[in-house]
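Read top to bottom, the protein sequences are chains A and B. Using this note's numbering, the first residue of the first sequence is number 1, and each one after it goes up by one. Using this note's numbering, the first residue of the second sequence is number 1, and each one after it goes up by one.
Hints listed in this document are in silico derivations from the structure and should not be mistaken for laboratory results. Don't be surprised by glycine CBs; every beta carbon is placed ideally from N, CA and C. Any given hint might turn out to be false.
Covered stretches of chain B, going by a simulated chain A footprint (3 or more residues, C-beta under 8 Å) [claimed, not checked]:
#1 20 to 28
#2 73 to 85
#3 90 to 96
#4 106 to 116
Now for the letters of each chain:
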Amino acid sequence: MYGVTVLVFGQICLLGAFVASGFSAFVSFVGCNDERRAFRKYGLYSSVVSYVLLTFVILVLVLALLTKDFRFAYVAQYCSQLLPWYYGVSALWVGQSGSLLLWAWFLGSLAMIFRFATSEKADGLKECAFGLLMANYCFLIATMVFAADPMAQSIAIPGEGAGLSPLLQHPAMLIHPPIVFLGYAAWTIPFAIITAALISGRLDASWIQQARPWAIFAWAVLGAGVLLGAEWAYEELGWGGYWGWDPVENGSLIPWLLGTAFMHTLMTWRCRGILKKTTVALAVATFAMCNFATFLTRSGIFSSLHAFSQSPIGWLFLALMIVLALAGVFLIYLRRAKLAADNKISVFFSREVMVAMSTIALLLLAIVTCLGTLSVALSDAIVGHKIIVGPPFYNYVLIPTGLLVLMATALAPLLRWGASPSATEKRMLFGSAAASGFAMLAAVGWGVKHFVSITVIGIVVFAIIALVSSLCFDVLRRYPNNYWESLRRCMREKRNLYTGFLIHLGFFGLAIGITGSSLGARRHQVDIQQGQTVEWAGRSICLVEVIDRELPDKFIAEAVLDISDNGNEPFTLTPAQHLHRLQNEWTTEVAIKSDWDGDFYVILHGSSEEGQVSLTLVENPMMRWLWLGGVTMTLGAVISLWPKLRRTKKHRSLQPPRQGSREDLRLVVESATRIANPEIGAPGNPRKHRQRRNINEPTAT
Amino acid sequence: MTPTHRLCAGGIVITVATTFLAYLGASSSWQYYVSVDELLADSESFRNSRIRISGEVAPDSLHIAPDRSQGTFVLQGASSELAVKFTGPIPDNLAEGIDVVVEGCLQSTGIVQGNKVLTRCASKYSSGR
Numbered sequence: 001m002y003g004v005t006v007l008v009f010g011q012i013c014l015l016g017a018f019v020a021s022g023f024s025a026f027v028s029f030v031g032c033n034d035e036r037r038a039f040r041k042y043g044l045y046s047s048v049v050s051y052v053l054l055t056f057v058i059l060v061l062v063l064a065l066l067t068k069d070f071r072f073a074y075v076a077q078y079c080s081q082l083l084p085w086y087y088g089v090s091a092l093w094v095g096q097s098g099s100l101l102l103w104a105w106f107l108g109s110l111a112m113i114f115r116f117a118t119s120e121k122a123d124g125l126k127e128c129a130f131g132l133l134m135a136n137y138c139f140l141i142a143t144m145v146f147a148a149d150p151m152a153q154s155i156a157i158p159g160e161g162a163g164l165s166p167l168l169q170h171p172a173m174l175i176h177p178p179i180v181f182l183g184y185a186a187w188t189i190p191f192a193i194i195t196a197a198l199i200s201g202r203l204d205a206s207w208i209q210q211a212r213p214w215a216i217f218a219w220a221v222l223g224a225g226v227l228l229g230a231e232w233a234y235e236e237l238g239w240g241g242y243w244g245w246d247p248v249e250n251g252s253l254i255p256w257l258l259g260t261a262f263m264h265t266l267m268t269w270r271c272r273g274i275l276k277k278t279t280v281a282l283a284v285a286t287f288a289m290c291n292f293a294t295f296l297t298r299s300g301i302f303s304s305l306h307a308f309s310q311s312p313i314g315w316l317f318l319a320l321m322i323v324l325a326l327a328g329v330f331l332i333y334l335r336r337a338k339l340a341a342d343n344k345i346s347v348f349f350s351r352e353v354m355v356a357m358s359t360i361a362l363l364l365l366a367i368v369t370c371l372g373t374l375s376v377a378l379s380d381a382i383v384g385h386k387i388i389v390g391p392p393f394y395n396y397v398l399i400p401t402g403l404l405v406l407m408a409t410a411l412a413p414l415l416r417w418g419a420s421p422s423a424t425e426k427r428m429l430f431g432s433a434a435a436s437g438f439a440m441l442a443a444v445g446w447g448v449k450h451f452v453s454i455t456v457i458g459i460v461v462f463a464i465i466a467l468v469s470s471l472c473f474d475v476l477r478r479y480p481n482n483y484w485e486s487l488r489r490c491m492r493e494k495r496n497l498y499t500g501f502l503i504h505l506g507f508f509g510l511a512i513g514i515t516g517s518s519l520g521a522r523r524h525q526v527d528i529q530q531g532q533t534v535e536w537a538g539r540s541i542c543l544v545e546v547i548d549r550e551l552p553d554k555f556i557a558e559a560v561l562d563i564s565d566n567g568n569e570p571f572t573l574t575p576a577q578h579l580h581r582l583q584n585e586w587t588t589e590v591a592i593k594s595d596w597d598g599d600f601y602v603i604l605h606g607s608s609e610e611g612q613v614s615l616t617l618v619e620n621p622m623m624r625w626l627w628l629g630g631v632t633m634t635l636g637a638v639i640s641l642w643p644k645l646r647r648t649k650k651h652r653s654l655q656p657p658r659q660g661s662r663e664d665l666r667l668v669v670e671s672a673t674r675i676a677n678p679e680i681g682a683p684g685n686p687r688k689h690r691q692r693r694n695i696n697e698p699t700a701t
Numbered sequence: 001m002t003p004t005h006r007l008c009a010g011g012i013v014i015t016v017a018t019t020f021l022a023y024l025g026a027s028s029s030w031q032y033y034v035s036v037d038e039l040l041a042d043s044e045s046f047r048n049s050r051i052r053i054s055g056e057v058a059p060d061s062l063h064i065a066p067d068r069s070q071g072t073f074v075l076q077g078a079s080s081e082l083a084v085k086f087t088g089p090i091p092d093n094l095a096e097g098i099d100v101v102v103e104g105c106l107q108s109t110g111i112v113q114g115n116k117v118l119t120r121c122a123s124k125y126s127s128g129r
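Same shape as in the complex, but just chain A:
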């Protein structure tokens, strides 16, 4: 009786959340007009009611998963008695209705933060954006009410649930799906803000200031979700790779690529007043492609590692995507006069041109990825046969577009908005190029053969030298008498700029990891007897023993390997196979030895009674740089969003920055001398600091 009561309570709350969200969306739109601002409070109250009710729904389902209440059909489908509680909770986002519920709840949470967290009262722009958020929120709840009810009752209550697939019982699966859904939900907000700005015609700087932090947050979260998915695939799927250009992987990558381009064109709009239509189109496209990803996973239209599912819900998201695209085109046309550029591109070697070039590259990669993902449907429509393309299709395109993005990113720190580089900056550019050339020659001498690898090494060295010299120049020209104080103030006053550089550094790490692992990976299949040693890739691999273990929920067969590596300290790896009793499924548990120059990755395929095992040995160069690069990118975004601390001390007065290339060069030489001999040049007397706003030195906002 208790279980049925809770079920009914959950169903009532879900229905109530749907009605309240629809009402909130409607009155929020009505309240956009300043003459009808009285409606705004009704929109606010009803949104809070809807959010609270949906929170009850999610708590009911989580409680049911924790208590293994198989009266809930969802719990019976994805849970089992022996499932640990943390995987029981993770079952919330494994299925159709649970994942929709989580996505809707995330969107509701972010909408509440959007509405309440800013100190300004709601104006027409914010109210309109809030109405759009509520409309999308209502759409998600509607899909649950009409097509995928998380509160559905089991027809016959089973004694034991079907359980969670063993592939999903992995730590990465505890956080990868919720982070991806949070990313999709977060991209709704910049979309809502910019759409509200288009509807209202208020395309001044205010919408950029509101949208930018949300865009950074959404980009960071979605990027972290994609990275976690790759990490799960690498460790759990056991094929030695991390990205297979699977349609569902592509579905989450495409909005991230478009979102990256959007953030840079947003910056260009803010600094130079150009690429406005591109920015608007990218905002709409990014959010639309989040729905495209959902369509891919839930329509069953594609063959994919993920998507053997068939549901009408997928088509609803496709319809939403089409509506968004048409509405976006209409609004851009409607506001074309206000979206005209404020300036022209006057210099080729400028930051805005680099942004434009990288936007073209990211857009091309996103379009090609989308076309490859849709190749089955498109080919069926055009030639009458379903044709699918493989990883080489995507990899061939990734090379030129990736190199172009890398190059543009590397050049950007030493270029200016709307002006040619100064003489000093030109010297630094040439210096970076020279260092890059030496690095490429060194790489060739070291044995790197592939031209892409050599080019990536050259670009990365160029970028690092450019970043460091740009930072040094900034530090030295501002506060030549106290480097640490100068560095500290530079980091604080130009936080946006330097966190951007940190994100770019992470991107270069990512590029090194992708290039190394893609072009340098080697595989070797071997059968090995107990006590036997095989040699491969400079390593000696000895099978010590095969161990079988019985656990309550699974049987484990693992191979103990002793590995010695080019005279380094030996280590032990234990790849294994697990047989999960409830599902009667085997899972591969790979063993990985990770180092800065690469991963040594071992897959156990099977063992015989005579003590022979079948292994695949994989060498993946530079893998650790990939993960480190991704983490650094996320960290940079987090730092840029961190609330700024108030300045409590008076700072010493400073000499204003000097003009002139010869003086700057003198400073660099002097300071280099001081660094080498700390006794020279003690800090001078404090002088008055004169602040000057320069578009090429954007102030922190």
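Following the hints, complete the assembly by docking chain B onto the known chain A.
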């Protein structure tokens, strides 16, 4: 040439290069994607072509070698069946009665020689009603 024109020219160059490389990639990796029934209805058209076939692993047909490097099964469509012999990594959750996709080619013997088998996602986004 103004900077804008140079940018447009650069954009055109990169677009053409990307399109050409996409064509090269597609021509080296494309496969027909068919169901078992579609394949058998027009098997001559697909013989010796790279194909990806979707179907269900028939009951009592799955045999995997002890070293898990190869196996055989019968792939079932709506109204017909096809024998599959495959080599390469075997998915952990390959089992009878599940939906799979096999990559390979149809041989003159009528057997599909597969080099890759994809299985259903662990997440089940089935229709709720």
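- Apply the coverage criterion to the stretch 20 to 28 of chain B and chain A: a residue qualifies when its Cβ sits closer than 8 Å to a Cβ of the chain, and three qualifying residues are needed. holds (count 6)
- Message: Tell me whether the statement that chain A covers the stretch 90 to 96 of chain B is true, taking a Cβ distance below 8 Å and needing three residues at minimum.
- Response: holds (count 4)
- Given as covered by chain A, does the stretch 106 to 116 of chain B meet the bar of three residues or more with CB within less than 8 Å? Since three or more residues must qualify, the claim that chain A covers the stretch 106 to 116 of chain B is violated, with 0 doing so at under 8 Å.
- Three residues minimum, CB to CB under 8 Å: does the stretch 73 to 85 of chain B make the cut for coverage by chain A? Let me know. With 0 residues in contact (Cβ-Cβ under 8 Å with chain A), the coverage given for the stretch 73 to 85 of chain B is violated.
Checked against the numbered hints given earlier, the structure breaks hints 2 and 4 and satisfies all the rest.
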